[in-house]
Amino acid sequence: KTFPSWGHMLENGATSLWETWQQSDNTFSHNHPMFGSISAWFFRHLGGIQIADDAVGADRLLISPKPVAGLTWVKCSHRTIRGTVVSDWKTSEKESEFVIVIPPDTTAVIELPLGKGDVITEKASGATPPSSRIQVGSGTYRYLVRHPR
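Going by my numbering, the sequence shown runs without a break in its numbering and finishes at 162.
Worth double-checking, as some hints may not be accurate.
Here are the computed lysine-lysine pairs in the DSBU-like style, where the Cα-Cα straight-line distance is at most 30 Å [said to hold, decoys possible]:
(1) Lys103 x Lys129
(2) Lys88 x Lys136
(3) Lys107 x Lys129
Since the hints were derived computationally from the structure, they do not count as laboratory data.
Take these sequences, add in the hints, and give me the full structure.
This is the structure in structure tokens:
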């Protein structure tokens with residue numbers, strides 16, 4: 014929330030990204046895409062939604078969410094030509110829950126972040142995937158990662 018930051022903009026009444034880090038008296042635009050690329054970071058890293066390099070029409074995805082210190086949840090979605098991709102997560106000291114939605118006619122590799130001793134469970138079946146890298150087809154997937162620290 015301190016200068017310079019997006020939090021500083023919000024603390025000073027911003028409802029969109031400014032053209033510069035500092036607030037102005039209408040000398041600069043108060044609705045400018047200059048800093049807009051930050052949203053790509055939210056989708057590609059926090060949500061982990063990435064279209065595979067060799068994909069055709071977003072038919073192959075990599076979902077690799079990355080929880081970070083200071084955030085306890087993320088809700089992330091991206092509309093592709095095949096439908097909406099979702100990568101939501103919430104985390105605490107004891108566990109993290111991931112909800113991933115893969116649209117029709119699409120495959121994905123889901124890479125869940127694991128720490129030492131963490132255990133993944135697929136919530137619907139209770140099954141434990143063989144690794145943190147899971148290949149899936151279309152559908153909704155819910156995973157619980159327990160952190161036994």
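Review point. Going straight from one Cα to the other, do Lys107 and Lys129 come out at no more than 30 Å?
Key: holds (13 Å)
| said: With the threshold set at 30 Å, check whether the alpha-carbon distance from Lys88 to Lys136 stays at or below it. | reply: holds (18 Å)
- Is the hinted pair Lys103 and Lys129 satisfied, with a Cα-Cα distance of at most 30 Å? holds (19 Å)
The structure shown violates none of the earlier numbered hints.
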